[in-house]
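Got chain A; can you put chain B on it based on the hints?
In order, the protein sequences belong to chains A and B.
Taken in order, the first sequence gives residues 1 to 303; the numbers are from full-length UniProt numbering.
Taken in order, the second sequence gives residues 1 to 303; the numbers are from full-length UniProt numbering.
Because the hints were derived from the structure by calculation, they are not lab data.
The structure presented is a predicted model; accordingly, all values stated were derived computationally and were not measured.
It does not matter which identical chain is meant; a pair holds if it fits inside one copy or across any two.
Here are the simulated SDA-like cross-link-like pairs (lysine to any residue), alpha carbons at most 20 Å apart as the crow flies:
| no. | residue 1 | residue 2 |
| --- | --- | --- |
| 1 | K273 | E296 |
| 2 | K191 | D175 |
| 3 | K44 | D155 |
| 4 | K44 | Q154 |
Protein chains: 2
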Amino acid sequence: MRPVGRCWRAALVWARARGAALGTTAGRRRASGPSGELRGEPDKFGGVSVRLARGGALDRLDAAAFRSALRAAIHEWQSEGKIAVWLHIPILQSRFIAPAASLGFRFHHAESDSSTLTLWLGEGPSRLPVYATHQVGVAGAVFDESTRKILVVQDRNKMKNMWKFPGGLSEPGEDIGDTAVREVFEETGIKSEFRSLLSIRQQHSLPTAFGKSDMYIICRLQPHSFTINCCPQECLRCEWMDLVDLVRAGNTTPITSRVARLLLYGHREGFDKVDLTMEKLPAASTGLLYKLYHRELPEKCAL
Amino acid sequence: MRPVGRCWRAALVWARARGAALGTTAGRRRASGPSGELRGEPDKFGGVSVRLARGGALDRLDAAAFRSALRAAIHEWQSEGKIAVWLHIPILQSRFIAPAASLGFRFHHAESDSSTLTLWLGEGPSRLPVYATHQVGVAGAVFDESTRKILVVQDRNKMKNMWKFPGGLSEPGEDIGDTAVREVFEETGIKSEFRSLLSIRQQHSLPTAFGKSDMYIICRLQPHSFTINCCPQECLRCEWMDLVDLVRAGNTTPITSRVARLLLYGHREGFDKVDLTMEKLPAASTGLLYKLYHRELPEKCAL
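With the rest of the complex left out, here is chain A:
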């Protein structure tokens, strides 16, 4: 990548010189300033990234001088035909956010100790990729085929008296099946093993997801223990229920009722009729394995 830092440095020297002429604090700084921390790096999509350093010379730069330098740099990048600017700011340097916002930057995302802002310079609406849009919730339908019992819970916090499958949000980096097994154990004390995906639900604009979207996935799990140890913080009740009773139950959610019917159909006709099984495949670009879910495919299909 060819650094475009020189235009940043030139802009900062100009800003400081202008500050000196105006008698501001910025003008009294040394000419060799924090230009290293404000270097812009081009990306392969026609944009440029600026990563503000943590501390160092940047600590001595005030918001007004930063704004002047940034404005000059934007003008430079526009003349070079850059279509976007990405600005990465450590949380303790967040005094630079408002000046950037006054020049049109907006938050792209933020997490932990850093925020990223963007400014679209190209034509038409922004074509910048958006940040994560979905949370993933996973429930485990723990079904004991030998007794036709299904593990169900009644939430403490939400819709009381409605039977549903135990579950919760995936943790960052956690696979779907692992979330199901973990949540089942945390809420009910039951140990289980992933068997298949059964259903996927998508919803948008959820207040419970900070206005974002939600992918809710129900998995079929096989139990490996049967003694319930209900977590009182999360569940009012927890029990092994006959699957037919759950299908018939009025006090359950539509999705729970639907998946109960799927399970019953699978129990009677074979789970190969309802399951999405998991297989590991290598990613084309890295070779790292990922999990792929789809209907079971016979191993040998003649071409």
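Structure of chain B alone, referenced to chain A:
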């Protein structure tokens, strides 16, 4: 909800009085300050939310006074047994972020013109819900059953010469099938209609997803037009290929090859063997309809 603003106002008055004693700028402000903008509202999970207003009296509050008031308020909330503080800050008030961070706040998320920071006050590791963790990518496998042709593209930007299905990231609030139909049309000019979900892939820690996770879903689409109009910005090549040739192709990704085999199996044995069909169900809490995907269930299953 019972407002807990009084502790905030008391803290601000105290901070200003202290500032007056120290001769700072904060001390010279009027006693009736921006307390209204700093009101904390309790939530049902034992936390409290503070929403800084856009402008108004807050504009006259300096970062040091804010930090003093916030520190006092945190102490108050801790003594009340609050387990978390949520701080919502408009982008132009971002000078308050660093002072909050110096007291232990960290970014929870940020988008457009606002950021949200959190401070965990409870015991053990934070139990606060995380923000969105996944982007959703969708591809469309446009298969013409009458000719056994499948629509494939070669990307301009990524793995050149590798055949794959056209696709891209879901836009915020966009349903899976709509993404598939839209992306197919944008990349190839082909109009199509959603038929089913075929596969779901999950990956984590993707550099192309800002370190977040990715759910990649391939849908089966039925074509409604056949004249290709390839988008040169995205595709090097685009064509209708015999499905058997795609299954045999060496220059394709493992997932494309696998889904091609699924399609061939469905073409021969019936797509009911590979499809996840979509149905709309009402959300239990709101009654609003969402889309649910699972294996097709016979309408009447005797209990």
